[in-house]
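For the protein sequence lines, the chains are E and S, in the order given.
Letter by letter, the first sequence follows residues 1 to 280 in this note's numbering.
Letter by letter, the second sequence follows residues 281 to 492 in this note's numbering.
Any given hint could turn out to be false.
To be verified - Among chain S residues calculated to face chain E with C-beta under 7 Å, some are:
{"#": "1", "residue": "Gln340"}
{"#": "2", "residue": "Phe343"}
{"#": "3", "residue": "Leu344"}
{"#": "4", "residue": "Tyr347"}
{"#": "5", "residue": "Leu406"}
{"#": "6", "residue": "Arg409"}
{"#": "7", "residue": "Arg410"}
{"#": "8", "residue": "Asp432"}
{"#": "9", "residue": "Leu433"}
{"#": "10", "residue": "Arg461"}
{"#": "11", "residue": "Met464"}
{"#": "12", "residue": "Ala472"}
To be verified - Far from chain S, some chain E residues (derived; all Cβ distances over 10 Å):
{"#": "13", "residue": "Pro10"}
{"#": "14", "residue": "Arg17"}
{"#": "15", "residue": "Asp21"}
{"#": "16", "residue": "Gln28"}
As the list claims (entries may be wrong) - Below, a list of computed lysine-lysine pairs in the DSS-like style, where the Cα atoms sit at most 30 Å apart:
{"#": "17", "chain 1": "E", "residue 1": "Lys107", "chain 2": "S", "residue 2": "Lys453"}
{"#": "18", "chain 1": "S", "residue 1": "Lys470", "chain 2": "E", "residue 2": "Lys107"}
{"#": "19", "chain 1": "S", "residue 1": "Lys345", "chain 2": "E", "residue 2": "Lys107"}
These are computed hints drawn from the structure, not numbers from a lab.
Note that this is a predicted model, so its numbers are computed, not measured.
All residues carry an ideal CB built from backbone N, CA and C; glycine is no exception.
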Amino acid sequence: MSDFYSQDDPCVALDPRCGGDGGERCEQCQRYAALVAPPRPARLPAGLALKLRGMADDFAEADPLYIRALAGEPLAGEVPAEEAENPGRRAAHDALAVTFAEARRPKPLPPALRARLRSVPRRHAAGRLPVWLADSRWATAASLVLTATLALLAGDASARFQQTAAVFAEPPPLVRSLETPEWAERQAELSGLLADARRATGDRLGDAGGAASKEAKSLIGRFQTWRVAAADRGQRSAETTWQRVYDGAARRLDAAATTLEETKIGQTVVDLMQEGENDD
Amino acid sequence: METSKGEARTTHPDLLLARRAQKADDRAWDEIVARYGERIYNLALRFTGGRNGEAEDLTQDVFLKLYGHLGSYRGEVPLMAWALRLSRNLCVDYYRRHRRRYQGTVGAEVLQFRSGDDDPLRDSWLQQRRELVHQTLAEMGEEQATVVMLRDLQGMAYDEVAHILELPVGTVKSRLNRARRELMSRVTEKLAAAEARDGENSSGPHRAGNGA
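Given these sequences and hints, build the entire structure.
Shown next, in the form of structure tokens:
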């Protein structure tokens, strides 16, 4: 038996020269050693930390610079090998990094939008009105014009006139914010007309109730149609919708004047309107 | 957790909130708005490009839809993902309109950011870079751009993204991989071209440290 068998690490090829006197191992032994050697501890891949943080569990297939940008990792001082071949890569990392970083700082919810969102259930319950219509200044203005028109048309309750006139005498902030010359002119006209009509005719306005309520129903129907059409077209058309409601109300006022001409009260109103024009 | 027939075995805490809101509990609805309003608004900014207040319109539309369908929420995923799935077509419509009208360029609402220092030159550079990334994203295919927006810009979990897009998680991951490579490649290409065009001086403040 040779010394070979007393070695702690015997040669797999039984070659007595293998590793003798601290020399090199034979080729067979080197191959064997490579096969059975435990794997060398791998370096932690750049993306693994990100994976563990749940940011990029598919990092293995992704571009490492992209992933580092996603994680907000700077490249300070480093010059990736790829950069030498493509000068845009580092710049791309930076561009993506600032974009992702900013995206992670959310824009706050605008207070006005928060209020609109909070009112969704109320609006929903109140007949599934689109929120924008119920809340927008245009809709408020339109509803006031409508109210005034209806009050004039219905004309059967002086209390309603008073109420409407009071609204115009002290318009709510939303209406005040309109501040358009046309609106101011029409507002003054309506306000004056209603006040004069109330003063001049008082309870006798009730005489025109029958014909006027028919007109009022027609106007409500038209308003509903406009509202639905506007909702279908989207919020951008809110202003247009209001304009149409306004124009429609104006047309109905003219029609109301024609209707009212047939009554004594109607004639009184028309006279008042004409007087107003003459004064101007 | 209170569950009814057909609801997921493991339900999300949002389910209770949704049930309360459905029963006209104003505080529950306010909680939903507080919890998800900002996130949905920020996502709406991405889909609309932050122009003409359309992000606000879209946010509101999503919440209107959410409220109208609260009764069918089963708590499988967070309420936000569920609401976005309901509103997916709506979001896509806004997104397509934004790409068609503005060729993908984003508005001030999106680009506005909090500057970290008083260097206007650097701020301008950062803004240009962000604009370029958004523009590039808009030039990519809709499917790829959407998945990057949801996952990388909004930080949504894979299962949320999968739920919104009605795709298996694996498909979301593979689509995201392709999208990321595509985005990186396109941005690199553009910036390399710009760098070659402008020379060394235009390479920007990243020489002094990156902007992340």
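Here's how the hints hold up against the structure:
The closest approach between the C-beta of Gln340 (chain S) and any C-beta of chain E is roughly 6 Å, which is under the 7 Å cut-off, so the hint is satisfied. With a least beta-carbon distance of about 5 Å to chain E, the hint placing Phe343 (chain S) at the interface is held under the 7 Å criterion. Contact between Leu344 (chain S) and chain E, as hinted, is supported at the beta carbon level, the nearest pair being about 6 Å apart and thus within 7 Å. For Tyr347 (chain S), the interface hint holds, the least distance from its beta-carbon to any beta-carbon of chain E being 5 Å, beneath 7 Å.
Hint status for Leu406 (chain S): holds, given a least beta-carbon distance of 5 Å to chain E, under 7 Å. Annotation: interface hint on Arg409 (chain S) holds; nearest CB of chain E at approximately 4 Å, less than 7 Å. Because the smallest distance between the Cβ of Arg410 (chain S) and any Cβ of chain E comes to about 5 Å, under 7 Å, the interface hint for this residue holds. Interface restraint check for Asp432 (chain S): the shortest CB-CB distance to chain E comes to about 6 Å, inside 7 Å, so the restraint holds.
Using the Cβ-Cβ criterion of 7 Å, the hint placing Leu433 (chain S) at the interface with chain E is satisfied: the shortest such distance is roughly 4 Å. Given hint, Arg461 (chain S) at the interface with chain E, holds; its Cβ is 6 Å from that chain's nearest Cβ, closer than 7 Å. The beta carbon of Met464 (chain S) comes within 4 Å of a beta carbon in chain E, closer than 7 Å, and the hint placing it at the interface holds. For the restraint placing Ala472 (chain S) at the interface with chain E, the shortest Cβ-Cβ distance is roughly 3 Å, inside the 7 Å limit, so the hint holds.
Distance check on Pro10 (chain E): its Cβ is at least 50 Å (rounded) from any Cβ of chain S, clearing the 10 Å threshold; non-interface status holds. Consistency note on Arg17 (chain E): stated as away from chain S, and its beta-carbon is indeed over 10 Å from all of that chain's, at 54 Å minimum. In this structure Asp21 (chain E) is separated from chain S by more than 10 Å, as the shortest Cβ-Cβ distance comes to about 56 Å. No beta-carbon of chain S comes within 10 Å of the beta-carbon of Gln28 (chain E); the shortest separation is about 44 Å.
The hinted pair formed by Lys107 (chain E) and Lys453 (chain S) meets the criterion: a straight-line CA distance of about 27 Å does not exceed 30 Å. Annotation: proposed proximity of Lys470 (chain S) to Lys107 (chain E) holds, straight-line Cα distance about 28 Å (limit 30 Å). Proposed proximity of Lys345 (chain S) and Lys107 (chain E) is supported: the alpha carbons are some 22 Å apart, at most 30 Å.
Comparing the model with each earlier hint shows no violations; every hint is respected.
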